[in-house]
Amino acid sequence: MLDLLTPIAAAADLTIPAGHRLPIAVVGAGAIVDVAHLPAYRAAGLEVAGLYDLDGERAHEVAARHGVTTVYGSLRELLSDERIAVVDIAVAPEAQPGIARAVLESGRHVLCQKPFAPDVATGRQLVDLAAARGLKIAVNQQLRFDEGIAAARAMVRAGWVGEPTTMTFTVNIATDWSGWEWLVSTDRLEIVYHSIHYLDAIRSILGDPVTVFCTGSRTAGQLPKGETRTMSTLVYPGDVRALVHVTHENRTGDHEAAFRIDGTEGAIKGTLGLLYDYPHGRPDTLLVNSRTVPTDGWLPYPVTTRWLPDAVAGPMGSLLAAIAEGGEPETAGADNLGTLALLDALYRSMETGESRRLRAGPEPVGEAR
Numbered sequence: 002m003l004d005l006l007t008p009i010a011a012a013a014d015l016t017i018p019a020g021h022r023l024p025i026a027v028v029g030a031g032a033i034v035d036v037a038h039l040p041a042y043r044a045a046g047l048e049v050a051g052l053y054d055l056d057g058e059r060a061h062e063v064a065a066r067h068g069v070t071t072v073y074g075s076l077r078e079l080l081s082d083e084r085i086a087v088v089d090i091a092v093a094p095e096a097q098p099g100i101a102r103a104v105l106e107s108g109r110h111v112l113c114q115k116p117f118a119p120d121v122a123t124g125r126q127l128v129d130l131a132a133a134r135g136l137k138i139a140v141n142q143q144l145r146f147d148e149g150i151a152a153a154r155a156m157v158r159a160g161w162v163g164e165p166t167t168m169t170f171t172v173n174i175a176t177d178w179s180g181w182e183w184l185v186s187t188d189r190l191e192i193v194y195h196s197i198h199y200l201d202a203i204r205s206i207l208g209d210p211v212t213v214f215c216t217g218s219r220t221a222g223q224l225p226k227g228e229t230r231t232m233s234t235l236v237y238p239g240d241v242r243a244l245v246h247v248t249h250e251n252r253t254g255d256h257e258a259a260f261r262i263d264g265t266e267g268a269i270k271g272t273l274g275l276l277y278d279y280p281h282g283r284p285d286t287l288l289v290n291s292r293t294v295p296t297d298g299w300l301p302y303p304v305t306t307r308w309l310p311d312a313v314a315g316p317m318g319s320l321l322a323a324i325a326e327g328g329e330p331e332t333a334g335a336d337n338l339g340t341l342a343l344l345d346a347l348y349r350s351m352e353t354g355e356s357r358r359l360r361a362g363p364e365p366v367g368e369a370r
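Residue numbers (this note's numbering): 2 to 370.
A portion of the hints provided could be inaccurate.
[As the list claims (entries may be wrong)] The calculated label-pair distances, taken between Cβ atoms and stated as ranges, are:
| id | residue 1 | residue 2 | range |
| --- | --- | --- | --- |
| 1 | Arg-158 | Pro-301 | 11 to 21 Å |
| 2 | Pro-301 | Gly-160 | 13 to 23 Å |
| 3 | Asp-120 | Ser-218 | 20 to 30 Å |
It is worth saying that the hints were derived from the structure and are not from the lab.
Nothing here was measured: the structure is a model prediction, and the numbers come from that model.
Quick reminder that beta carbons are idealized off the backbone N, C-alpha and C, glycines included.
Take these sequences, add in the hints, and give me the full structure.
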């Protein structure tokens, strides 16, 4: 069985070859940089040459904690540092496009936080600017690189479950939003800042849906302004479907964060350990039941890394590989336009109560026009 799992583990490997590594600067010194980006980059052997944040005191504090020797006083100072080849942006969404443009215009490759643009049109402008400058732009959709998700995707691509028929995420947790003031006041919340992870992971396995339907809601007394409970249905050609059902208002402590992929020849199921005790988490789980291998029932896959901080090295590693070898990163900006389009369609469905078409395809029954 170990031989059977070896190529699956290789597909989920986060190792970044020494020949791919380039000096990185980080814009932003918030919690995600502190607990995920910098630890993941250090573990991967990457050099973070400098850090910048509008809050200089916070930037110095985080830099000192992670051994980053340079703290820039401004974005201009960062972009004047000739050592820097790649800039990782981790700031509030409204500030990101302008910073990304400045980085690209300076001749650096860029890794953007998700969502990397407020709409598809702005995202397309950034993608086109990168292409015109001969640069790479990628998006930090790190759930694609979570070992459980990456291994499941490799199993699907290897034909272990035959033709996929259904993919689901079921997440029932309690989220304390108070640590992010800008999230508490935003009109749109759950889909664009949380379920975006699951939706992008689904796209990495099933591709883009034809039609979607979404409903979202709030609960009495909740702190955030935006939606905290959502159900998103993705319709693909034929009988393939995906469902993302998420609530952040679990009040009984029996948290759940699970995913499942069913196919004509088997199934894969797993859990996202991070969400059972965020941000500390617990190990992920993954099991596969296949008639094509065969697995003789449910076969456990030994997950050895975690979504945070480990998977955060994935988007950067993929970007560095594309810079070194050519081609596009796994989470290239051009690909992520599909995720942005999916978010837009889901919100339009939520607002109108009607399903929304994303692309040409067979006419589903009851399709709203």
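Hints, verified against the model:
no.	hint	in the structure
1	Arg-158 / Pro-301: 11 to 21 Å	holds (20 Å)
2	Pro-301 / Gly-160: 13 to 23 Å	holds (20 Å)
3	Asp-120 / Ser-218: 20 to 30 Å	holds (24 Å)
Going down the numbered hints, you'll see the structure goes against none, and every one checks out.
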